[in-house]
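Asker: Residue-level listing of the chains:
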Amino acid sequence: MRKRLGIISLFVILFIAFITIWSFSYQTGREEAYIPMENTSSTPVIPSETGVFRRSEFALDYSNMPIDKNHERTLKTYYKNRAYHGAPPTIPHPVKNELSMGGNTCLQCHHNGGFTEKFNAYAPVTPHPEMENCRQCHVPQHTETLFKGTNFPKITVPEVGVNNALQGSPPVIPHQIEMHENCLSCHAGPSAPKEIRVTHPERINCRQCHVLNNKETTDIGVFKRQSIQ
Amino acid sequence: MYTSLTSRRSFIKKMAVMSAMTAAASMFPGIIFASEQKEGLPEGGNLDWKKAPCRFCGVGCGVLVGIENGKAVAVKGDPNSSVNKGLCCVKGYHSVMAMYGKDRLTMPLVKKNGTYVETSMEEALDLIASKMKDTIINHGKDAVSIYGSGQWTIPDGYVASKLFKGCIGTNNVEANARLCMASAVTGFLTSFGIDEPMGCYEDIDHADVFVLWGNNMAEMHPVLFSRLLDQRLKRDVKIIDFATRTTRTSMAADKSILFKPQTDLAVANAICYEIIKNGWVNKSFVEKHCNFSKGLTNMGYGLEDNYKFTDKPEKISFEEYKSFLADYSPEKVEKISGVSAKDIKYMAAYYGDPNKKIMSLWCMGMNQHSRGTWINNLVYNIHLLTGKISTPGNSPFSLTGQPSACGTVREVGTLTHKLPHGVVMNKEHRDFAAKIWDVPVENIDPKPTYHTVEMFRALDRGDIRFMWIQVTNPMVTMPKLKRYRDGAKKEGRFIVVSDIYPTPTTDIADVILPSAMWVEREGMYGNSERRTQYFEQMVEPPGEAMSDTWQLIEVARRLGYKKQFYYKKETHIEEIYNEYRRHHDNKKHNMAPLEVLKKESGVLWPYVDGKSTQWRFNAQYDPACSNGEDFHFYGKPDGKAVIWQRPYEPAAEEPDNEYPFWLNTGRVVEHWHTGSMTRRIPVLHKAMPHSYVELNPNDAKRMQIKTGDMVKLTTRRGEIVLPAAINQRGVPAPMQVFVPFFDENMLINDITLDSFCPISKEPDYKKCAVKVEKA
Amino acid sequence: MPIKSYLAHSHEGKKQELIEALSSLENCEVIPAENKDLLIVVTDTEGKIQDEILKEQIEAIDSLKLLAMVSGFNTPKNK
Numbered sequence: 000m001r002k003r004l005g006i007i008s009l010f011v012i013l014f015i016a017f018i019t020i021w022s023f024s025y026q027t028g029r030e031e032a033y034i035p036m037e038n039t040s041s042t043p044v045i046p047s048e049t050g051v052f053r054r055s056e057f058a059l060d061y062s063n064m065p066i067d068k069n070h071e072r073t074l075k076t077y078y079k080n081r082a083y084h085g086a087p088p089t090i091p092h093p094v095k096n097e098l099s100m101g102g103n104t105c106l107q108c109h110h111n112g113g114f115t116e117k118f119n120a121y122a123p124v125t126p127h128p129e130m131e132n133c134r135q136c137h138v139p140q141h142t143e144t145l146f147k148g149t150n151f152p153k154i155t156v157p158e159v160g161v162n163n164a165l166q167g168s169p170p171v172i173p174h175q176i177e178m179h180e181n182c183l184s185c186h187a188g189p190s191a192p193k194e195i196r197v198t199h200p201e202r203i204n205c206r207q208c209h210v211l212n213n214k215e216t217t218d219i220g221v222f223k224r225q226s227i228q
Numbered sequence: 000m001y002t003s004l005t006s007r008r009s010f011i012k013k014m015a016v017m018s019a020m021t022a023a024a025s026m027f028p029g030i031i032f033a034s035e036q037k038e039g040l041p042e043g044g045n046l047d048w049k050k051a052p053c054r055f056c057g058v059g060c061g062v063l064v065g066i067e068n069g070k071a072v073a074v075k076g077d078p079n080s081s082v083n084k085g086l087c088c089v090k091g092y093h094s095v096m097a098m099y100g101k102d103r104l105t106m107p108l109v110k111k112n113g114t115y116v117e118t119s120m121e122e123a124l125d126l127i128a129s130k131m132k133d134t135i136i137n138h139g140k141d142a143v144s145i146y147g148s149g150q151w152t153i154p155d156g157y158v159a160s161k162l163f164k165g166c167i168g169t170n171n172v173e174a175n176a177r178l179c180m181a182s183a184v185t186g187f188l189t190s191f192g193i194d195e196p197m198g199c200y201e202d203i204d205h206a207d208v209f210v211l212w213g214n215n216m217a218e219m220h221p222v223l224f225s226r227l228l229d230q231r232l233k234r235d236v237k238i239i240d241f242a243t244r245t246t247r248t249s250m251a252a253d254k255s256i257l258f259k260p261q262t263d264l265a266v267a268n269a270i271c272y273e274i275i276k277n278g279w280v281n282k283s284f285v286e287k288h289c290n291f292s293k294g295l296t297n298m299g300y301g302l303e304d305n306y307k308f309t310d311k312p313e314k315i316s317f318e319e320y321k322s323f324l325a326d327y328s329p330e331k332v333e334k335i336s337g338v339s340a341k342d343i344k345y346m347a348a349y350y351g352d353p354n355k356k357i358m359s360l361w362c363m364g365m366n367q368h369s370r371g372t373w374i375n376n377l378v379y380n381i382h383l384l385t386g387k388i389s390t391p392g393n394s395p396f397s398l399t400g401q402p403s404a405c406g407t408v409r410e411v412g413t414l415t416h417k418l419p420h421g422v423v424m425n426k427e428h429r430d431f432a433a434k435i436w437d438v439p440v441e442n443i444d445p446k447p448t449y450h451t452v453e454m455f456r457a458l459d460r461g462d463i464r465f466m467w468i469q470v471t472n473p474m475v476t477m478p479k480l481k482r483y484r485d486g487a488k489k490e491g492r493f494i495v496v497s498d499i500y501p502t503p504t505t506d507i508a509d510v511i512l513p514s515a516m517w518v519e520r521e522g523m524y525g526n527s528e529r530r531t532q533y534f535e536q537m538v539e540p541p542g543e544a545m546s547d548t549w550q551l552i553e554v555a556r557r558l559g560y561k562k563q564f565y566y567k568k569e570t571h572i573e574e575i576y577n578e579y580r581r582h583h584d585n586k587k588h589n590m591a592p593l594e595v596l597k598k599e600s601g602v603l604w605p606y607v608d609g610k611s612t613q614w615r616f617n618a619q620y621d622p623a624c625s626n627g628e629d630f631h632f633y634g635k636p637d638g639k640a641v642i643w644q645r646p647y648e649p650a651a652e653e654p655d656n657e658y659p660f661w662l663n664t665g666r667v668v669e670h671w672h673t674g675s676m677t678r679r680i681p682v683l684h685k686a687m688p689h690s691y692v693e694l695n696p697n698d699a700k701r702m703q704i705k706t707g708d709m710v711k712l713t714t715r716r717g718e719i720v721l722p723a724a725i726n727q728r729g730v731p732a733p734m735q736v737f738v739p740f741f742d743e744n745m746l747i748n749d750i751t752l753d754s755f756c757p758i759s760k761e762p763d764y765k766k767c768a769v770k771v772e773k774a
Numbered sequence: 000m001p002i003k004s005y006l007a008h009s010h011e012g013k014k015q016e017l018i019e020a021l022s023s024l025e026n027c028e029v030i031p032a033e034n035k036d037l038l039i040v041v042t043d044t045e046g047k048i049q050d051e052i053l054k055e056q057i058e059a060i061d062s063l064k065l066l067a068m069v070s071g072f073n074t075p076k077n078k
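Residue numbers (numbering that gives the first Met the number 0), protein chains in the order written: chain A, 0 to 228; chain B, 0 to 774; chain C, 0 to 78.
Simulated from the structure, these hints should not be mistaken for laboratory data. Some hints could be false.
Derived pair list, reagent style EDC-like, types lysine to aspartate or glutamate, alpha-carbon separation capped at 20 Å [unchecked claim]:
(1) B:233 with A:60
(2) C:35 with A:67
(3) B:254 with A:56
(4) A:68 with C:36
(5) B:610 with B:201
(6) B:12 with C:51
(7) B:705 with A:177
Note that the coordinates shown come from a computational prediction; the quantities given were computed from them, not determined experimentally.
All chains, full assembly: derive it from the sequences and hints.
Answerer: Next up, the structure:
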């Protein structure tokens, strides 16, 4: 009995020793494998500027892409599922999976776009693929009817072809750019509404020629000199 | 009524079209009719397109100006111009609108009893001439001065220099390029002995790596930056943004590296240290083509009146240079500059890699620097040590900010020490200029007088009594502005301002002359890449407005210099240009004949045997090379370029407890120079209506400042209140702020410091200490 | 002063030819569809006779397959 107990306790001690050594080596192994997180990018990101150059790697593809006349989007359909211009568009199709973050569902089509047989259309490209909780802003429409009528005034949407100061001069940007700083996502590629598809996506630095027109927030009038005395 | 009938008819026509379209759409769903994109565009009309260089920056894009009924109504990029290949930026596309502001000056205005009275041009010019005569009699010839501009056309600057230096006999000729390009000039002269870049824009098409030294190119030189982006799409080149502030350029770059203000000096030396340490020196190139030199250090900052400095260069050996660099190992420099040793080695590796062609680009960041000449030298050092210079794609490239800073100020020589060919201190050069100018050589004073900052100080002190300011706006651009504004307003000063709009500078004028601008007259500009471009007169100037050239000629004649100013009204630009060309009649600087300029979209000098010279100092491309070797740096007597030993020294005023922030100033893409033109273009004004102060988001959070809040900036010179901008156009590093200088209603230069590079005398607008408070 | 609009179909591949032919006629405007071989033609003439002549001219064009009038208006001459 005593002998047996001795053997058992020996095994217990060996087992405890094994556990201790194993967990110690496991811990140190983990420590060694841990690489301290360096702040790799010391450069801050400027929200209003950064988007312009996004997707520019596709610019040459965009400019070489033939236009698929049969599946073009128009500005009219573009505005159709927006409450006002700049509002997040509603989802005009059934959603694939209600319980999913955008990364697994929406972005499969809306990250880079492409033709979908099911809807017989090119998927519009999102200007902000880094925001994955798509459904916090974009909701499907499950009914055509209203709960009660609305007096919400429809504001006039920016038009095409009337934003040039001079003949042939680059049009100003007639809309605000928050959340859609990336010009190419809406203005280039097969899903771009045909009226606003840019003829020169390869230029990339869009805002060197196309500047904001801030009159939409408040009209600041024409520059007048003030006396400085 | 006829009108209502036509409108009714057009209405019916539209109805007819509409019903046809509806019918068509019902037959063919999805049918699209002609280009909805063109809807609403004005009719093409019969525009007459004429070529000119753009009015604005130093890139020198070729533009085509559309003329209709005697008015300039449209602009497009000139597809024949090798500069921009048909592309412009937003300023260029709207440039013609700068001619049609409602408050355009059209009549001369003379100040009488405190108010401005319209007079005839004759009367105004008579008054100017008689004031000049009186001033010379009572206070001497060095009491009259002219302050011009890198926006002067070549003929403007040429007649100004001829009148003041050749005829009157004073070296009081300066131009605002002193505030923007002087360090580039002294950089070239000290390193190579001859001004202006050895390469050209075509380098962009060959280089594999671009390092932008403190240069927000995406906003400041957008069309050239487009060429970089274009190359990146086609060839996968690398763009490295090396700056003190995060900008649009940083967003586009492949890598963005931030350094603490002024420490670019240390980083450049550290790159050289790495190049030598790793054996990346191109030994045969350095042995054959380079000398090593050192100059004086602890030069001061020029803050006191009558400050003088002359460098004393001394030759050193490669070993001495190497031991000097021992203080600049990447690890040591990391502590000074805040740039990690890894990043320094990263840049050095690109510079050192013999298989990578590399271009360094810079503009105001390196030039408006209290050690501007040094940092220019140091970047040339990198290219000289590795032999990456004067060959396609290997190019240290100094960009300019004004359309003719090179053409007029640097080539014509409208700076106090300069002549069109050479300097006033050199007797041969004086003899040469006097002969062409048809004046006695004794007229040309061998002693330079005042550089720009000192010229305005002299005006304040009363040493200068008469100043004629043309095509520039010093009452917005001078650093420590308040002193110079108060000085200019003092009793007994007579100021003439030639401009096209009222500005803070016309506010201090005794006589305001209305000028004809850009294509309202004939002229030439010279851009960053030695390209001279001609433009004809396309439209009539408004009212009595007159070209700056002709204003000067009229006054010169009234002063009795009819013989020297013999030019005929109809052909004076041609006559002046042909006379000017004689100054540069040699292989190193020959200018193209006018007929060639009229035909081509600009030509690079030296223009030899009917050909532009794209890469100077390279025997393969440059006929002026004569030493039988591959390269010949013929600007220096021994044909060798100089690698300079230049240390890191701190800025004139660095942040302390009382003024804890750095203040940096600069531009935005929409506005050019002081905004006197671009702010009168509605598109640009609406895009960028006023100035602002950019803060780092963390600083803003700590101080509870958000975009739009008013912020008070205080320096030792004064204070100013501006709206804050956080995370907008740019993001400064922590404890730094940035303010654009274009806004005459928020004059940031009231509080900047007038320290300057002792060699170039160019002020440092990028660095002074400031206190930031929520207002 | 009649104003009329038509839909014009071209023979296959001859759309450009038809556009050019129609554009060369006076008092005749052409709006081509971008993606179909179909044009909208608007005629705007001084009077009935001129209108008929113009219509004959249009119908004589070789590349024209079919011309169908969609709408017609007449504005009184003096008003």
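Asker: Which hints, by number, does the structure contradict?
Answerer: The structure conflicts with no hint, since it agrees with every one listed earlier.
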